[in-house]
Amino acid sequence: MTLTESPALLVAGIGEMVMSNSPDGHLIAYGLGSCVALSVWDPRTKVGGLAHFMLPNGPANAASPVKFIDSGLDTYLKAVEAKGAFLGRSILKAAGAASMLTIGGGLAIGKRNAESLQAALIERRLTLTAVSLGGTAGRTVQLDVADGRFLIKSLSSVSEL
Amino acid sequence: MTLTLSDAGENIVAGTFARAMKRAGEALGSMSGQVIDVQTPLIKRCSAADVLEMAGGAESVVLAIYLGITGSLQGHALLLFAPPDAHRLAQILLAGLLGPGELPFDPTADELVFDELEASALQEAGNITISAFLNEIGMHLHEPVQPTPPQLIIEMAGAVLDAVLLDLVTEADQVLAAKTTFSEGGRAIDGTMFVLPRPDSLQVLLDALGAFGL
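Quick mapping for you: the protein sequence lines, in order, are chains C and X. Counting in this note's numbering, the final residue of the first sequence is number 161, and the numbers go up one at a time with none missing. Counting in this note's numbering, the final residue of the second sequence is number 214, and the numbers go up one at a time with none missing.
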């Protein structure tokens, strides 16, 4: 019997990223509103990562490495690669970027987050396999590292992306 | 801009916010005709993650009443209730408005569904409560501070708060969060009030309070 390398459930808090190569690893981000989560999963090495981005752009930040999409995306992708994922065959999925409240004349931060993430991935020649972006409902997302299943839970439903 | 408030400045803001939160609780009490116990407000500088923790965790389901704060002080204010508590509060408010009698309340109904009467009573409660807070703050300022119309939302706390937090942490890592709990003992209603000011607008309040250069 061997101990799993990581605890089974790893939580990507706001502005944080988690990754795992454990067969019973589950990566989760709770209560995404306008924030956007990006999951990366390599089906061959069974390595997965989940990042909980907050905003489109800003300077790199040690305390919250993936606070900003522009300065945090490469940090995150390198960390998942270091864990054993090969980006060329990995499956990328994104969820979140909802518009929860009308704030300050309807500043659509969720929409900007979705657009920034999509543009940043295109720049790196990476493709999103599936997305659940926008709308007005909050989402909790979970990646099952063993089989790559990506679940989205809202108040009214649970679905697989 | 970063939050450059000194400790002394923060204490002054905290004292003013604490008084204003007491007023807010009193206003909710007189609107509902109940004795509302207002917990000593907790006011601290913290990260976005800390604010989610203070709200009971990102995944806890809440009924939130949100009002933006505009004018010489800017920021965000929220009242959060667990859905069953929000139903109980709405029933008390409606009984006060409509008088005794049968209320259109079905205890077997989905607790996440609020009918129009309940929603409007709760929005009004948010309006009265936050306005009382702002009136107290406004007494110190030379220009008015006003709330935006209330928005009611039933969601995971993280999803409600992240939009507010994202507005505050674009250029700073920490926010100043003021939180208190309102409790109505008899009906077991607990509510949480959050006020999250924009850091760059706090200087106006400090200046008005005579705390120049803090």
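No lab work stands behind these hints, which were simulated from the structure alone. Just so you know, even glycine gets a beta-carbon here, dropped at the ideal spot from N, CA and C. Check each hint, because a few of them may be wrong.
Keeping only pairs whose Cα atoms sit at most 20 Å apart, straight-line, the calculated EDC-like set for lysine to aspartate or glutamate is [what the hints assert, rightly or not]: (1) C:Lys111 to C:Glu123; (2) C:Lys46 to C:Asp24; (3) C:Lys78 to C:Glu160; (4) C:Lys153 to X:Asp110; (5) X:Lys22 to X:Asp173; (6) C:Lys153 to X:Glu59; (7) C:Lys153 to X:Asp190; (8) C:Lys83 to C:Glu16; (9) C:Lys46 to C:Asp147.
Simulated coverage check for chain X against chain C, where a stretch passes if three residues somewhere in it have a Cβ under 8 Å from a Cβ of chain C [what the hints assert, rightly or not]: (10) 61 to 72; (11) 196 to 205.
Hint check:
no.	hint	in the structure
1	C:Lys111 to C:Glu123	holds, 18 Å
2	C:Lys46 to C:Asp24	holds, 11 Å
3	C:Lys78 to C:Glu160	violated, 26 Å
4	C:Lys153 to X:Asp110	holds, 18 Å
5	X:Lys22 to X:Asp173	violated, 28 Å
6	C:Lys153 to X:Glu59	holds, 10 Å
7	C:Lys153 to X:Asp190	violated, 26 Å
8	C:Lys83 to C:Glu16	holds, 16 Å
9	C:Lys46 to C:Asp147	holds, 7 Å
10	61 to 72	holds (count 3)
11	196 to 205	violated (count 0)
Figure legend: structure checked against the earlier numbered hints; hints not met, in rising order: 3, 5, 7, 11.
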